[in-house]
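Enquirer: Given the structure of chain F, go ahead and fit chain D onto it with the hints provided.
Protein chains: 2
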Amino acid sequence: MKLSILFGGASYEHEISIVSAITVKGKLDSFDLSYIFCDQDHTFYNIPEDKMKAKVFSSGEYKKLPILELNRDGFTQKKFFGSKSIDGIVLNLIHGGDGEDGSIAALLDFYSINFIGPRKEASVFSFDKEYTKWLASSLAVKTLQYAVVTRDDNKELAYPCIIKPACLGSSIGVSIVKSEDELEYALDVAFEFDSRVVVEPFIENVKEYNLAGCLTKKGMQFSIVEEPNKEEFLDFDKKYMDFSRSEQVLKADISDELVQKMRDTFEKIYRGHFEGALIRCDFFVINNTVYLNEINPIPGSMANYLFEDFELLISDLASSLPRLKRPSVNYQYIHNISKAKGK
Amino acid sequence: MKLSILFGGASYEHEISIVSAITVKGKLDSFDLSYIFCDQDHTFYNIPEDKMKAKVFSSGEYKKLPILELNRDGFTQKKFFGSKSIDGIVLNLIHGGDGEDGSIAALLDFYSINFIGPRKEASVFSFDKEYTKWLASSLAVKTLQYAVVTRDDNKELAYPCIIKPACLGSSIGVSIVKSEDELEYALDVAFEFDSRVVVEPFIENVKEYNLAGCLTKKGMQFSIVEEPNKEEFLDFDKKYMDFSRSEQVLKADISDELVQKMRDTFEKIYRGHFEGALIRCDFFVINNTVYLNEINPIPGSMANYLFEDFELLISDLASSLPRLKRPSVNYQYIHNISKAKGK
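Residue numbers (the working numbering), protein chains in the order written: chain F, -6 to 336; chain D, -6 to 336.
The shape of chain F in the complex, shown without the other chains:
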């Protein structure tokens, strides 16, 4: 099966997307893979397999590699005579901005390119932590209480709390604030990245679990539930390393009943929104109740380490992608009006 890994992007998570792509490359041996790199200027490059090394990108060496145009023929490389398109399904592995905010989804859909990844609307809801709350609330999925704070607000907050820019992943700009005198600095950091920040209570030693999955023709496919290793919370460096994970992990030591609760919550979030994507939901469990913390619609290295047979899963998902229905235009109204005018 032909599959093109699309990675990079003009995003704070550009580098971890590169790491993710290199990791996923090693997990999809049976696929006929291509690699499409999107640089920070939104130029696409066709990367040969032997150039899939972090240094090719950090050194700028990639700029000597063939440029790809994106148009109705897909990702297309100009040749001396004519041009050649990269066939097959695209795996959107651009983390953060571009990839997870709905831009790449809109581009691929616009040019009728089949892809694995969240669609535009689902991306808008998962990328913004406030909008995720709205989505969850409409589905009766519990989340922690929250407040949204902008620069001019003067909100009374309770401590300890956790402060997150509304629209960033990978812990960028996130701080735990234990008392009011730590607040200003934490807000300054967060406002570097977004004009809105989401504030939630910080619950020490809260149980945290990750569950990944997707819908295929075989039905909902779930990963094992992992209890992530955590210190207070993962900072960017640690998360960065996290994106290169490729060893399967042990499943969390929790009851079948709790696993089922998480699966049910996952499915509520997924259906009707995330079809076509392999997502990871991060949950909190408090008094045996499941709370949605975050939706990762393009999890680091596609959460390969949570699945027993990752290749089979990607292959099943690739053959279960939603197709856009496009209205056909017949110019009925213009014809009628022209007739009525006698023209």
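Just so you know, these hints were derived from the structure itself, not from any lab. A portion of the hints provided could be inaccurate.
Repeated chains share a single entry, so a pair holds when one copy, or any two copies, can fit it.
[Said to hold, decoys possible] Listed next, the in silico SDA-like pairs over lysine to any residue satisfying Cα-Cα at most 20 Å (straight line):
1. 261 - 123
2. 71 - 41
3. 171 - 152
4. 46 - 19
5. 44 - 330
6. 56 - 323
7. 77 - 62
8. 48 - 321
9. 72 - 62
10. 332 - 237
11. 48 - 237
12. 57 - 323
13. 254 - 208
14. 46 - 238
15. 48 - 324
16. 56 - 324
17. 148 - 133
18. 18 - 309
19. 261 - 140
20. 261 - 134
21. 44 - -4
22. 56 - 325
Expert: For chain D alone, coordinates are given in the frame of chain F:
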């Protein structure tokens, strides 16, 4: 000032976008205008001014006109030697799908093309009537009660009610249902267009008002408030004619206090979401309370008929567009890790 009117799109409102573009053309005499047509296959064409006639599109004659590529250089026409880009700001006048669902916004933003029109996130919220409710609710803006119904639902509804596909404008697929025996047919019609329908109470003779506006460097700019001519509600044929309006209308005979209430509600919706767009909000007024009915982020013919000096407004808006901040990538983490590995 150079301005390119982008119109057409793979949308149920393709034809009214053509009508809208022809109307707006007649209202922007002092601009240096270009015309970019997006056909239903997502090919872009450069339309000379003398070809801006409905029949050029309905007859397929447009297919003989020059094709435009969209890439980092903007909309670009290949010439015998080299290529030429269309400069200036784009006015997104694609109604319905593509234009109002965030796809075109994503494309233009991706290629750093400055444009008048709603951004991706704002589009997702205004295009879907359920999501509009979520947005309004988060801003303490009142809307009518509603239920969301899918094909498998068996919801108890109260009559009379109005049934709308979640994601279409221009009254397509909308029905008023006066009793249960009319329900099935109305739902069948609506489900032709979307898998979710929004049901609201139908309030006979409810007062309806339209207000358009935008944020420019001069502050919030509002149109007059219009009380639209309505029969039970506008069907598609009438709305179609509505998109060709170019005569300024009379303002509604209502109190200054009510106008102010609508402006306040408009501003709540607009700020933080619709910057860069000229939008029209359609309100209901019940017992002197303002309810948001719909947000039209690309109103028919840009609601030119509601403004005293439409050209000045567009010129002000064009010089007040939001700019995307793009993160710069410095490969700090890859460099650090390479160093740590001694490579």
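Enquirer: Each hint should be assessed against the structure and marked as holding or not.
Expert: Hints, verified against the model:
For the homomeric pair residue 261 and residue 123, the shortest alpha-carbon distances inside one copy (18 Å) and between copies (17 Å) are both at most 20 Å. Only within a single protomer do residue 71 and residue 41 lie at most 20 Å apart by alpha-carbon distance; the minimum there is 16 Å, versus 29 Å between protomers. Taking CA atoms no more than 20 Å apart as the test, residue 171 paired with residue 152 passes inside one copy only; the shortest distance there is 5 Å, against 53 Å between copies. When the C-alpha separation of residue 46 and residue 19 is checked against a cutoff of 20 Å, the pair qualifies only within one copy, where the shortest distance is 12 Å, while the shortest distance between copies is 55 Å.
Taking identical chains as interchangeable, the C-alpha atoms of residue 44 and residue 330 lie at most 20 Å apart only when they sit on different chains, with a minimum of 18 Å there against 59 Å within one chain. For a Cα distance limit of 20 Å, the shortest separation of residue 56 from residue 323 across copies, 15 Å, qualifies, whereas the shortest one inside one copy, 44 Å, does not. In this assembly of identical chains, the alpha carbons of residue 77 and residue 62 lie at most 20 Å apart whether taken from the same copy (10 Å) or from different copies (17 Å). Taking the shortest Cα distances, residue 48 and residue 321 sit within 20 Å of each other only across copies (18 Å), while inside one copy they are farther apart (47 Å).
In this homomeric assembly, residue 72 and residue 62 come within 20 Å of each other (Cα to Cα) both inside a single copy, at 12 Å, and across copies, at 18 Å. Taking CA atoms no more than 20 Å apart as the test, residue 332 paired with residue 237 passes between copies only; the shortest distance there is 17 Å, against 64 Å inside one copy. For the homomeric pair residue 48 and residue 237, the shortest alpha-carbon distance inside one copy (15 Å) is at most 20 Å, but the shortest distance between copies (57 Å) is not. Within a single copy, residue 57 and residue 323 get their C-alpha atoms only as close as 46 Å, which misses the 20 Å cut-off; across copies the closest is 18 Å, which meets it.
Taking the closest pair of Cα atoms, residue 254 and residue 208 come within 20 Å of each other only inside a single copy of the chain (17 Å); across copies the shortest separation is 46 Å, beyond that limit. Within a single copy, residue 46 and residue 238 get their C-alpha atoms as close as 16 Å, which meets the 20 Å cut-off; across copies the closest is 58 Å, which misses it. Taking the shortest Cα distances, residue 48 and residue 324 sit within 20 Å of each other only across copies (9 Å), while inside one copy they are farther apart (53 Å). Taking the shortest Cα distances, residue 56 and residue 324 sit within 20 Å of each other only across copies (15 Å), while inside one copy they are farther apart (45 Å).
Only between protomers do residue 148 and residue 133 lie at most 20 Å apart by alpha-carbon distance; the minimum there is 17 Å, versus 27 Å within a single protomer. In the homo-oligomer, the alpha carbons of residue 18 and residue 309 lie at most 20 Å apart inside one protomer (17 Å), although the nearest pairing across protomers, at 50 Å, exceeds that limit. With identical chains, the CA atoms of residue 261 and residue 140 are at most 20 Å apart between copies only, with a shortest distance of 18 Å across copies and 24 Å within one. Proximity of residue 261 to residue 134 under the C-alpha cut-off of 20 Å is restricted to the intra-copy arrangement: shortest distance 8 Å within a copy versus 27 Å between copies.
In this assembly of identical chains, residue 44 and residue -4 lie within 20 Å of each other by CA distance solely inside one copy; the values are 17 Å within and 43 Å between copies. For a Cα distance limit of 20 Å, the shortest separation of residue 56 from residue 325 across copies, 18 Å, qualifies, whereas the shortest one inside one copy, 49 Å, does not.
Figure legend: structure checked against the earlier numbered hints; every hint is met.
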